[in-house]
Amino acid sequence: MVVNTQTIEQVQSATESYKYGFVTDIEMDHAPKGLSEDIVRFISAKKEEPEWLLEWRLKAYHRWLTMPEPAWAKVSHSPIDYQDSYYYAAPKSPDDGPKSLDEVDPKLLETYEKLGIPLKEQEMLAGVAVDAVFDSVSVATTYKAKLEEQGIIFCSISEAVQRCPKLVQQYMGSVVPYADNKHSCLNSAVYTDGSFVYIPKGVRCPMELSTYFRINAENTGQFERTLIIADEGSYVSYLEGCTAPMRDENQLHAAVVELVALDDAEIKYSTVQNWYPGDEEGRGGIYNFVTKRGACRGRNSKISWTQIETGSAITWKYPSCILEGDNSVGEFYSVAITNNRQQADTGTKMIHIGRNTSSTIISKGISAGRADQTYRGLVKIMPKASGARNYTQCDSLLIGDECGAHTVPYIESRNTSAKVEHEATTAKISEDQLFYCLQRGMSEEEAVALIVNGFCREVMQQLPMEFAVEAQKLVGISLEGSVG
Amino acid sequence: MALLEIRGLRAEVDGQEILKGIDLEIDSGQVHAIMGPNGSGKSTLSYVLSGRDGYEVTGGEVLLDGKDLLVMDPEERACEGVFLGFQYPVEIPGVPGTTFLKTAVNAVRRYRGESEFDAMQFVKFVRGKAKEFNMSDDMLKRSVNSGFSGGEKKRNEVLQMAVLEPRLAVLDETDSGLDIDALKLVADGVNTMRSPDRAMLMITHYQRLLDYVVPDVIHVLFGGQIVKSGPKELALELEKEGYYQFFETAA
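As given, the protein sequences belong to chains A and B, one line each in that order.
Per our numbering, the very first residue in the first sequence carries number 818; after that it's consecutive.
Per our numbering, the very first residue in the second sequence carries number 29; after that it's consecutive.
By construction, these hints were calculated from the structure, which means they are not laboratory data.
Every residue, glycine too, gets a C-beta built ideally from N, C-alpha and C.
Careful, some of the hints might be misleading.
Stated by the list, open to error - Partner residues are not named here, just some residues of chain A that face chain B (Cβ under 7 Å, in silico): (1) 979; (2) 981; (3) 982; (4) 986; (5) 1249; (6) 1252; (7) 1255; (8) 1257; (9) 1267; (10) 1271; (11) 1274; (12) 1278; (13) 1282.
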C-alpha cells in the first residue's frame, strides 16, 4: 500500500494545535506528541501497511480509549499522561548520538566495564555513531544467510508484514488479542516495530536468535511487538535484550510478545531486562508494562520462558503459557531483582487445556533497599485437562529491613485428576553467611552477589551459556550499595 | 617480635563484658591451644580476632606482624592472613565450593597486588592442594557446606585453610562433632599446615585433638582471662582434674 498522503496532510494540519510543535523534516521522521486516530493512521501509512492491519490498529485504538488501567498489580505510580509521548519517531540519525564514548555518561561506561563488554559493543549500546563497516553487522549478515538457507525467517515485524503477510495476519493477535489489557491494546494500536521469527517444519534453528543481531535495530523499544512461530517439529531459542543497560529516553514501555508452538515444536525464550531503574530516590526510570504469552497449540509442544529482570522503575510482566495441545509443556523461570525504590509485580499464568499438560514455575525474587516485589501467578486447570500437573516454587530473598516481598499464587483446578504443587519460602541473607564470606576475604558486595547468585542458580542454569556469565555479574551490579 | 600480639584485650557482647584483659603472644611457627569451660570466652576471642559485628572491643590491642588488626574490616583482616576455622561452618545454598573459594582466593590475591587466577589456573591450584592434603576435591563441586555431614564441614574448613594459606589460623573447636577417623583426617591437615611462617591458635574443649596436633603452648581461658599457660602436659592435667581448680581460684 502506498503512503496515505491524505493522512499525512491531516497530521500536518493537526500539528499547529500542538503546544510543543511538530518536529518534522522533509522525510517526516517524527509524528507530533500525543495519541489520536490520526497518529495511528500515520504510523500505519509510514509503514505502508495493508488495509487489514490498519483496521486492526484502529480497532485496538478505539478499544484502548474505553479500557481502564489494570489496577490489580501491587505497584503505584502517578497516572500516565499518554498525550505527553511521541508515538512515532524514525530511527535517530547517527548524527544525533554521541560522537564517541567520551561523550557517554561515565556511569554507563562503568557498568559496561564491570560486565566486561567489548569496546565495539559498548559503542553500539551507548548509541555512538559507528562506522558502516561494523563487526557485528557483517556477523549478522553472515548469520542471516545461514538462516535463510534453512528457510528460517528472522526479520523485523514490519518487514515480515511485507514479506509474509499471510503468516503475520494468521498469527498476530492470536495469542494476545488486541483487547487483552490496556497496555497490549495500546501496543496493538501504535507498535512501531519488533522481531518476527518463523521456523519451518522440522527445522532446528542452528543458533540462538537475538534481537541484538537484528540488523537495522531501530529505536523501537517503546512499543515493541514480537511474534515467533515454531512450525511442527521445529526448535528455536530466542534471546531478548542484553545485560548492558541501553540508552533510552522513553519512560513507558508496553511491549507485546506472542509465541506459537505447533505439534512437537519447542520455543525457548530468554530475557535479560536491565533498563534504567531510576535513581536512589525513585526519580525517573522505565515503566515496563509487557504482555508476553505463548500458545502451545500443538501436541507435545513446549514453551519455556526464562527471565532475569533487574531494571526498570516498575515491572509489570507475566509471561504465560496456554497449554492447548495434549502433552504440551510450559515452563517459567524467573529472577527478579528490585533495589532502591524499584517495584516489580511479576509472575506467570499457566493455563492447562489439553490432556497430560505439565508446567513448572520457578520464581526467585530478591528485594533490597526500599523496593517492593510481588510474585503473582495463576495455575488454571480446565475441565478437559486430565492428568495435568504443575509444580510451583517461589522463593523470596530480602536484603535489609525496608524492602518487601509478596507472593500471590492463584490455583484454579477444575479437573480432579490434576496434580498441583506449590512451595514458597522467604528468607533473609543471614549475617552468618555474610560474615563467613567476609572472613574468607571477600568484600561485602562480592559476598552479596555470590549468595544471591547461589539463590538464583536454578534459574540461571536455564540461560544460554553466553548469557549466563554476564547475567551473574549483572546480579552483583544490580545489588550494589544494598548492604552496609 | 611475635607474629600475633594480644595485649590487655577486653571485649563485650550486648553490653556484657566477655573478655576481661587477655594477653597472648604467638610466634611464627608455633601452635598454641586455648582450652576452657563453656562460656569462658573462647569463641568470643575468635570472633574478636576476625572482626565480627556485634563483638565490641573496649580495650587493649591486637597486632599481626606489628599491624593493628582492630582497625581493619573483617575482609581486610582475612586478606592480611587471618583465617577462622568456624565451629559451625555456614551453608551457602547454590554456590559451588569452587566458585566460593575462587572468589575468596582472588580477593586475597587482588589485595596483595597479585594477578587473579582464571578458572583453569584455579582448578589446577585447588587440585594440587587437595592432593597435598590427601583430600578429594569432590566436595568443592557441591554447594558450600549444604547437606554436608559434620565431618565434611570440618574437612572443608581445613581445605579452605590450605587453599588460602593464612599467616594466622584460628581454629574454633575444629574437633567438635567428629568421629575418630574424621578427627585424624582433620588433624593431619592441620599438621600439614604447620609452617615456620605461620601461627596457629586451636580452640578446644578436649584433650583429644591435642593427641594428634601437639601444641607448643596451652592456655587456659577462664572467666574471660588466661589463667594458666604451660607446655602440652597441661592438657593432660586438665583432662584429669577438670576446670574446677580455677573456680576455686576465682572464688
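- Item | Unmet hints by their number, sorted upward, for this structure | 1, 2, 3, 4, 12 and 13
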